[in-house]
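Asker: Sequence:
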Amino acid sequence: MKLNTIKRVGRSDMVNMGPIRLRQPLPTQQIEMVDPFILLHHYGPYEINEKSNPFDLGPHPHRGFEPITFLVQGEQLHRDSLGNNSVVKAGDVQWTTAGRGIIHAEGPTKDFVKKGGTIEGIQLWLNLPAKKKMIEANYQHSKYEDFRIVTSEDGKVETRIIAGELNQIYGKIATQTPVNTFMIEAKEGGEQTISFPDSHQGMLYLLKGKVKVNGARTLELNKNQMIQFNQDGDHFTIEADEKSLLLFLSGEPFNEPVSTYGPYVMNTQTEIMEAMRDYQMGKMGFLPAS
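For the sequence shown, the working numbering gives the first residue as 350, with consecutive numbering after it.
Among the hints, erroneous ones may be present.
To be verified - In silico EDC-like pairs for lysine to aspartate or glutamate, Cα to Cα no more than 20 Å straight-line:
#, residue 1, residue 2
1, K592, E540
2, K463, E424
3, K572, D583
4, K356, D384
5, K592, E507
6, K492, E514
7, K459, E514
8, K505, E540
9, K400, D460
10, K561, D590
11, K521, D495
12, K492, E534
13, K481, D590
14, K592, D627
15, K561, E591
16, K521, E540
Said to hold, decoys possible - Simulated restraints, written as ranges between beta carbons of each label pair:
#, residue 1, residue 2, range
17, Q517, T586, 15 to 21 Å
18, M483, G564, 21 to 27 Å
19, R626, G538, 54 to 60 Å
20, K561, F635, 48 to 54 Å
21, S435, G465, 18 to 24 Å
22, M366, K400, 31 to 37 Å
23, P546, E591, 29 to 35 Å
24, K521, D384, 34 to 40 Å
Source of the hints: derived by calculation from the structure; they are not laboratory data.
Think of the CB as a built atom: it goes at the ideal place given N, C-alpha and C, for glycine as much as any other residue.
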């Protein structure tokens with residue numbers, strides 16, 4: 350086994366997305382993308398109530414990639430043009446394959462807004478290769494308690510296998526391409542080794558806490574929050590200095606041209622124009638505002 354060296358250490362600075370203020374570790378001025386991962390947004394924590402509900406995204410389209418939500422705190426309602434209507438709770442994951450086109454909406458449930466609470470989560474955009482950009486749309490919702498877990502030898506680190514494989518434990522989510530997505534919960538002092546194929550590009554994002562990676566590099570909030578690994582090994586190690594939560598992502602790069610505009614991720618500008626036209630013509634389906 351060979352330790353992956355660290356390619357880049359990135360910040361996760363706050364950005365404005367319309368009325369929403371959130372962290373954006375990918376893309377940044379230093380890191381355009383980590384193929385096949387296009388975008389990573391860390392939203393919240395937001396205090397939600399009847400007077401304040403900043404995270405309520407009405408119907409909007411997607412094509413050419415997979416928008417994925419990891420809900421950390423709170424409760425959200427997902428609706429889409431395929432007819433899915435799903436309440437996503439803390440720890441759950443919703444994995445949407447937009448393919449040729451889907452319209453979806455998400456935001457806190459009405460009951461959650463009424464009683465008040467905290468919303469926090471990760472929105473990830475996973476690219477699809479050219480040959481799969483126009484496949485049928487699909488939606489998967491997996492619950493927190495249903496994920497398989499790899500526990501460290503010291504019993505202090507639990508790694509939930511959302512997609513892909515770790516130590517021959519496989520994730521619940523069916524994927525279109527070879528990817529790993531793990532949510533790692535570590536208690537203070539916990540140590541774990543995470544392996545992944547050397548054909549993958551990998552990155553580690555810290556949501557909470559403080560950890561040492563590969564025994565030396567420290568990730569902590571408001572300083573360095575994301576690590577991109579080189580493709581020169583097959584594992585890395587973490588040691589938690591305090592109670593921590595991390596998201597690990599890896600995938601085989603496509604090495605294809607990428608053209609993005611708003612909610613579309615395609616290979617050419619012409620395909621972007623076609624996506625806009627198809628949405629306007631109703632070819633991606635229909636979803637009422639409420």
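Asker: Are the hints correct? Go through all of them and say.
Answerer: How the hints compare with the structure:
Restraint check for K592 and E540: the C-alpha separation of about 12 Å stays at or below 20 Å, so the hint holds. Restraint check: the Cα-Cα separation between K463 and E424 comes to about 12 Å, which is no more than 20 Å; the hinted pair holds. As the CA atoms of K572 and D583 are separated by approximately 26 Å, the hinted pair breaks the 20 Å bound. With a CA separation close to 14 Å, the supplied pair K356 and D384 stays within the 20 Å bound.
Under the criterion of a C-alpha separation no larger than 20 Å, the hint pairing K592 with E507 is consistent with the structure, at around 12 Å. Distance restraint check for K492 and E514: the Cα-Cα separation of roughly 18 Å lies within the 20 Å cut-off, and the hinted pair is therefore satisfied. In summary, the hint linking K459 to E514 is not supported, as the alpha carbons are separated by about 36 Å, beyond the 20 Å threshold. A C-alpha spacing of about 7 Å is found between K505 and E540, which places the hinted pair at or below 20 Å, so the restraint holds.
The straight-line distance between the Cα atoms of K400 and D460 is roughly 14 Å, inside the 20 Å bound, and the hint therefore holds. Between K561 and D590 the alpha-carbon distance is near 7 Å, which keeps this suggested pair within the 20 Å criterion. Distance check on the hinted pair: K521 and D495 sit about 8 Å apart at the alpha-carbon level, within 20 Å; holds. With a C-alpha separation of about 16 Å, the suggested pairing of K492 with E534 holds against the 20 Å cut-off.
Between K481 and D590 the alpha-carbon distance is near 42 Å, which puts this suggested pair outside the 20 Å criterion. Restraint check: the Cα-Cα separation between K592 and D627 comes to about 47 Å, which exceeds 20 Å; the hinted pair is violated. Distance restraint check for K561 and E591: the Cα-Cα separation of roughly 10 Å lies within the 20 Å cut-off, and the hinted pair is therefore satisfied. The hinted pair formed by K521 and E540 fails the criterion: a straight-line CA distance of about 25 Å is larger than 20 Å.
In this structure the hint that Q517 and T586 lie 15 to 21 Å apart at CB holds, the actual value being about 19 Å. Distance hint check: the CB atoms of M483 and G564 are about 45 Å apart, inconsistent with the given range 21 to 27 Å. Between R626 and G538 the C-beta distance comes to about 56 Å, which sits within the given range of 54 to 60 Å. For the pair K561 and F635, the beta carbons lie near 50 Å from each other, so the given range of 48 to 54 Å is met.
At roughly 22 Å, the beta carbons of S435 and G465 sit within the given window of 18 to 24 Å. Hint check: M366 to K400, Cβ distance near 21 Å, so the stated range 31 to 37 Å is violated. Hint check: P546 to E591, Cβ distance near 30 Å, so the stated range 29 to 35 Å holds. Distance hint for K521 and D384: a CB-CB separation of about 25 Å, inconsistent with the stated range 34 to 40 Å.
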